[in-house]
Amino acid sequence: MTELSFHPRHVLRAFLRPIDPPLMLLLAALLGFAFLVMMSASPERLPSLQVNTLVALAAMWVAARLPPQRLLSLALPLYALGVLLLVAVDLFGETSKGATRWLNIGVTRIQPSEIMKIAMPLMLAWYFQQREGQIRLREFIVAGLLLVVPVGLIMIQPDLGTSLLVTAAGVYVIFFAGLSWKLIAPVVLIGVVGIGAIVGFGDHLCQPGVDWYGLREYQKHRVCTLLDPTQDPLGKGFHIIQSTIAIGSGGVLGKGWMDGTQTHLAFLPERHTDFIFSVLAEEFGLLGIVVLLVTYLLLILRGFAIAATAPTLASRLLAGAITMIFFTYAFVNMGMVSGILPVVGVPLPFISYGGTALVTLCLGIGILMSIQRSRLLAQA
Amino acid sequence: MMEFRTPDEELAGFRRRVLVAGLFVAVCFGLLAARFYYLQVLRYDYYHTRAEDNRIALLPMVPNRGTIADRNGVAVARNYAAYTLEITPSRVSDLEATIDALAQIVQIEPRDRRRFRKLLEESKNFESLPIRTRLTEEEVARFVARRYQFPGVEVQARLFRDYPFGELASHVIGYIGRINQRDQERIEETGVVANYRGSDYIGKSGLEMSYEAELHGITGAEQVEVNAGGRAVRQLSRTPAVTGNDLDLTLDIEMQKIAEAAFGNRRGALVAIEPATGGVLALVSKPTFDPNLFVDGISNEDWKSLNDSPDHPLVNRAIFSTYPPGSTFKPFMALAGLAAGKRTITQTIPDPGYFMFGGRRFMDDKIGGHGMVDLHKSIVVSCNTYYYQLANDLGIEGIANFMRPLGFGSRTGVDLNGEGEGVLPTPDWKRKRFRKKEHQKWFGGETISVGIGQGYNAYTPLQMANALAAVVNDGKMFRPHVVRHVVNPVTGERRLVEPEPVRQLALKPEHLAAVRQAMVDVNKAGTGARAFAGAPYSAGGKTGTAQVFSLRGQRYVEGRVIERLRDHSWFIAYAPADKPTIALAVLVENGGFGAQSAAPIARQVIDFHLLGKRREQPAGEDAAAVDEGDEEHAEHGAAAHEGAPDATLVPPAADPAGGQVQ
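Order-wise, the sequence lines are chains R and U. According to UniProt numbering, the first sequence holds residues 1 to 380 in order. According to UniProt numbering, the second sequence holds residues 1 to 662 in order.
In short, the hints are calculated from the structure, not lab data. Note that beta-carbon positions come from the ideal geometry of N, C-alpha and C, so glycine has one too. One thing to keep in mind: the hints can contain errors.
Straight-line distance between alpha carbons at most 20 Å, and here's what the computed DMTMM-like set of lysine to aspartate or glutamate pairs gives [to be verified]:
# : chain 1 : residue 1 : chain 2 : residue 2
1 : U       : 342       : U       : 290
2 : R       : 182       : U       : 393
3 : R       : 182       : U       : 167
4 : U       : 304       : U       : 393
5 : U       : 304       : U       : 121
Partial pick of chain U residues on the chain R-facing surface, computed with a CB cut under 10 Å [said to hold, decoys possible]:
#  : residue
6  : 40
7  : 43
8  : 48
9  : 155
10 : 159
11 : 225
Here are the in silico distance ranges between beta carbons for each label pair [claimed, not checked]:
#  : chain 1 : residue 1 : chain 2 : residue 2 : range
12 : U       : 45        : R       : 73        : 27 to 35 Å
13 : R       : 290       : U       : 182       : 54 to 62 Å
14 : U       : 56        : R       : 252       : 16 to 24 Å
15 : U       : 45        : R       : 92        : 52 to 60 Å
16 : R       : 131       : U       : 38        : 22 to 30 Å
17 : U       : 56        : R       : 32        : 49 to 57 Å
18 : R       : 301       : U       : 147       : 14 to 22 Å
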């Protein structure tokens, strides 16, 4: 890199240098899936999917080229900007469908909560890096506060899906930073008991008039619909019912590409965004699902491998958290369309249509690549 | 709480946690895989079926309704195709505004709006309802050009029922109407729900109702693939509908026309039967109504005017309403006396002008009496005294036992719904009929009244005509029927409806001959002579007068009685006398004496039947008959007795129990 060379081979090598081949291969496989399914689910969106993909890949390339230290130096300003914008949203945001999530900045509307999905793990990783070697309870309390403030701001919009993902991102960093099992165990226990209670006493809790502290009526409704979709077969339950029909009727081999009746006769709702997995399941069957699950699994394994070998604490934490975020997206989305998790509006990573989410996810891939490259550089 | 750790220890700790995270990921993905295995392998059949149910819709294909034609093949109920403008209310947000806008393009009368509102109240959800029927080609074109402005509004080509003769024979033919809640329940009870998928109409009265199962046809089905919006995307399979069977009637619409015209504006009923088959040639109930009003859904004011009219045009007087037979009962009583051996054909009795029973006088119609009276004379001059005595000799059980096989007081089983039963009075009947103990006892005087066709006797005109048909058919009785054949319109196969006689009455030929001879002479020299003056054929008949109101001891003078309380006029007749091809019963409500208004109607119908003579105008009332007919009315007052319920002023047709007229 000392001397400039414009030989095409050198230009290409320079261009490809930041790219991690295994990650790129897996990403390409997922994006290939996205195009394949979109051609069936919503072919009119293919041109804008191409644009989104190019933008996202460019973002990934830029992130991959930046060394982790540069990325981490952006943590505090990005986090501060994010919190500021969230406050602005709560004060002057635009309301649509009962939720205030957007900020009109003249040219376009932006959704500041999306920034937090990257800013949160970056910020916490940076913070723990600063306190490296002296991470005690106090540090975890500070980290907890750094997490709670933006999540609270997102929750009052309200946006359950995003606040869940941002929380998860922060919790993963804290977990990887070494939070004592003595503290983790009770939380996990409470969670398990809580979910058990909801499933066990759902009938009573879902009675009209029973107030769920801290959750909006529509959020309660989502959980209740999950417990018993037949209660509301034409409203919220319709989505889950039609989605499980699509998945179940796909069988082992699927109905064939472009031949999904649930998809093509419009029984499947939101089939290009949150429910795109059901299209895949209907047309490619269990076989298609297994291929997808394996792809995700390999992506996660690669992410963990990068995290386990990353040279600094911050890059380890960041890589581990980002990998777990990919997993969370995938698990929550597949869980909700197949009726084992509430419908919380989480897209299927790299496949659901949606430019912002795709850019965010590819930025994550870019960061992983950047960390992988920094390890190679450190070894070199 | 956290000890200081070296970077190496920290790295090892981190890697352990990555391992834990990895296990967590594996567990979660395993959970998902299990869920997909469950959905796609274990429950595949269930979800496959659900998806197919989603995708495939069975669209009913409504069959064309069978048509109805009279005995000469003249259509009396048929179908025609027409365009209708239909609104699906669930797809229209502001109905009023939409209708107002439509009114700018096609003509929509206030009547149409009212009918639409009524249909809307009765409708099941999601169905489309007509706002206008019978659009002209031009209106269709105008609407189609602006269709995009009217989501939820469509022009449909539909088959409509048409009754070309309008009010003529409407009680027989009946009408169809839109299926309402009550019809729906009936459909469910009879287990034909599947066959009525998509059907909007059902027979509501007359033949349209009683032959609904034949006329409706078999609903076909089209299997189509539909999208989530319910719109058909492509056809998968198709079972065509089977058109309903046609009806070929015994009814002669031309005779019906003559008979209805003969009634003019008078209320009443006429039933004409072909004795050799039991086929109904004409069945009149006046006043009548236009069945076409019901087809598209009758408007409220039309319904009100029909339903609230004091003339009760919707009641089928010929088969539902019951009236005391008056003197038309006498020929049957004569047969009863002969059959029981209480009288011989030649036996005479003296008639002093009254009959004493229980210390009371039962008056004859002729003051001073008819002198010596035999069976023949008793019928020709309609002598009451003869039958007072005969009734007393037979006893009420004797009368009832003879009359029952003739069909008096029981339904004939005619192929029309809503037949009345009537009353063949017996002490047993009276015990059940009245609640109070003191009303339940049978009095001997009541038997005397029954003998001349008054008192508790109450029969439908159909029962009278059918009993007469059996008597003039040598005792062979048929179930009266209006439909001759049920015709399959595709194969042309004709199924005969009524080939078998229901019973053979045990009547001696010489007794029948005597009574028939007397009835022929009624029209030659007796009470029917004026009505049948100059007839080139020989016809048997008997006049009758049914009391509407008991004057309790006063003499009946027609001018003094308001019209609704005037007696009902009866006439039963058959022709030709030697080999009858028609037997009929005519009743004119409040028509006075039988000879006065009923007999001329019978004459016109028989003239048409035998001679083809058409006099499509009301039969004149024979004013002169009033003086001669006087003889029939002395029974008024005299027949009144203790224990009879007070006269009610309700016109007979309005009596839901079909009870007798006082």
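Evaluated hints:
no.	hint	in the structure
1	342(U) <-> 290(U)	violated (50 Å)
2	182(R) <-> 393(U)	violated (116 Å)
3	182(R) <-> 167(U)	violated (94 Å)
4	304(U) <-> 393(U)	violated (51 Å)
5	304(U) <-> 121(U)	holds (17 Å)
6	40	holds (5 Å)
7	43	holds (5 Å)
8	48	holds (5 Å)
9	155	violated (27 Å)
10	159	violated (32 Å)
11	225	holds (7 Å)
12	45(U) <-> 73(R): 27 to 35 Å	violated (58 Å)
13	290(R) <-> 182(U): 54 to 62 Å	holds (58 Å)
14	56(U) <-> 252(R): 16 to 24 Å	holds (23 Å)
15	45(U) <-> 92(R): 52 to 60 Å	holds (54 Å)
16	131(R) <-> 38(U): 22 to 30 Å	violated (46 Å)
17	56(U) <-> 32(R): 49 to 57 Å	violated (33 Å)
18	301(R) <-> 147(U): 14 to 22 Å	violated (60 Å)
In summary, the structure is inconsistent with hints 1, 2, 3, 4, 9, 10, 12, 16, 17 and 18 from the numbered list given earlier, while agreeing with the others.
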